[in-house]
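Listed below are the residues making up each chain.
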Amino acid sequence: GAGVSQSPSNKVTEKGKDVELRCDPISGHTALYWYRQSLGQGLEFLIYFQGNSAPDKSGLPSDRFSAERTGGSVSTLTIQRTQQEDSAVYLCASSLARTDNSPLHFGNGTRLTVT
Amino acid sequence: DAKTTQPTSMDCAEGRAANLPCNHSTISGNEYVYWYRQIHSQGPQYIIHGLKNNETNEMASLIITEDRKSSTLILPHATLRDTAVYYCIVRVSNYGGSQGNLIFGKGTKLSVKP
Chain A
1 GAGVSQSPSN KVTEKGKDVE LRCDPISGHT ALYWYRQSLG QGLEFLIYFQ
51 GNSAPDKSGL PSDRFSAERT GGSVSTLTIQ RTQQEDSAVY LCASSLARTD
101 NSPLHFGNGT RLTVT
Chain B
1 DAKTTQPTSM DCAEGRAANL PCNHSTISGN EYVYWYRQIH SQGPQYIIHG
51 LKNNETNEMA SLIITEDRKS STLILPHATL RDTAVYYCIV RVSNYGGSQG
101 NLIFGKGTKL SVKP
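Those protein sequence lines, which keep their order, are chains A and B.
Be aware that the first sequence starts at 1, since it is given in our numbering, and climbs by one per residue.
Be aware that the second sequence starts at 1, since it is given in our numbering, and climbs by one per residue.
I should point out that these hints are in silico values taken from the structure, not numbers from a laboratory.
Any given hint could be a false lead.
One-sided and incomplete, this derived list gives chain A residues near chain B with beta-carbon spacing under 7 Å [what the hints assert, rightly or not]:
# : residue
1 : 20
2 : 65
3 : 108
What follows is a set of in silico ranges between Cβ atoms, one per label pair, in the way DEER data are often shown [stated by the list, open to error]:
# : chain 1 : residue 1 : chain 2 : residue 2 : range
4 : A       : 85        : B       : 19        : 34 to 42 Å
5 : A       : 16        : B       : 15        : 50 to 58 Å
6 : B       : 65        : A       : 113       : 42 to 50 Å
7 : B       : 65        : A       : 22        : 41 to 49 Å
8 : A       : 18        : B       : 52        : 43 to 51 Å
What you are looking at is a predicted structure, and each value in this text was computed from that prediction instead of being measured.
Ideal Cβ placement from N, Cα and C applies to all residues, glycine included.
Produce the complete structure using the sequences and hints provided.
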């Protein structure tokens, strides 16, 4: 079946502009996660949604970052007033159930370049 | 911080078994061990996970020691396409029994050679 879909796959933006990144989770998956991966670095957790609520926003690096999820499905990660250090691959993942026994399935990410 | 320790890199000959070790000596009784891999320019791919018992699926086998302080991921017949960074992750239960986050460490870069 269809996996996690992210759009756009690549985004180039000028410093100071706002960007929106979209994630379509696997149908029926109640949990949704955002991570980012800077060049040559590991994955950094940003935020977790269960349904439409976000019980864990601890990884958002600044108040320029926000995310929402509507209808228990699509999620949007918004970065305001982008900075060059925001350049990274932003990865979305979803999982089926509310247990630790349910694997996360990742999309292929959005590569964001801030010039 | 990640709760696991893995070698930085490993080599494996094509067609041979790849055995990737992971130490997780501070694991708690209700925490799962997950394995993912990441091939260049792709998102992490789920491989396998387990709690106490050994597990096997179409991709790999997971061997967890009886004291649960370490585990080994086994790729039985490695191919060139298995070249990737392999992450061993202990899933932390943060949410009172509901889903915990996956905290990725640096992983093991496995190079499968002809």
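The hints, checked one at a time:
1. Residue-level restraint check for residue 20 of chain A is violated (minimum Cβ-Cβ distance to chain B is 19 Å; threshold 7 Å).
2. For residue 65 of chain A, the shortest C-beta to C-beta distance to chain B is roughly 17 Å, which exceeds 7 Å, and the interface hint is violated.
3. The criterion of a C-beta within 7 Å of any C-beta in chain B is met by residue 108 of chain A, whose closest approach is roughly 5 Å, and the hint holds.
4. Between residue 85 of chain A and residue 19 of chain B, the C-beta spacing of about 38 Å keeps the proposed range 34 to 42 Å intact.
5. For the hinted restraint 50 to 58 Å between residue 16 of chain A and residue 15 of chain B, the CB-CB distance of approximately 53 Å keeps it satisfied.
6. Against the hinted window of 42 to 50 Å, the Cβ-Cβ separation of residue 65 of chain B and residue 113 of chain A comes to about 44 Å, which satisfies the hint.
7. For residue 65 of chain B and residue 22 of chain A, the hinted distance range of 41 to 49 Å is satisfied, since their beta carbons lie about 42 Å from each other.
8. For the pair residue 18 of chain A and residue 52 of chain B, the supplied restraint of 43 to 51 Å holds, since their beta-carbon distance comes to about 47 Å.
Of the numbered hints stated above, those contradicted by the structure are hints 1 and 2, listed in ascending order.
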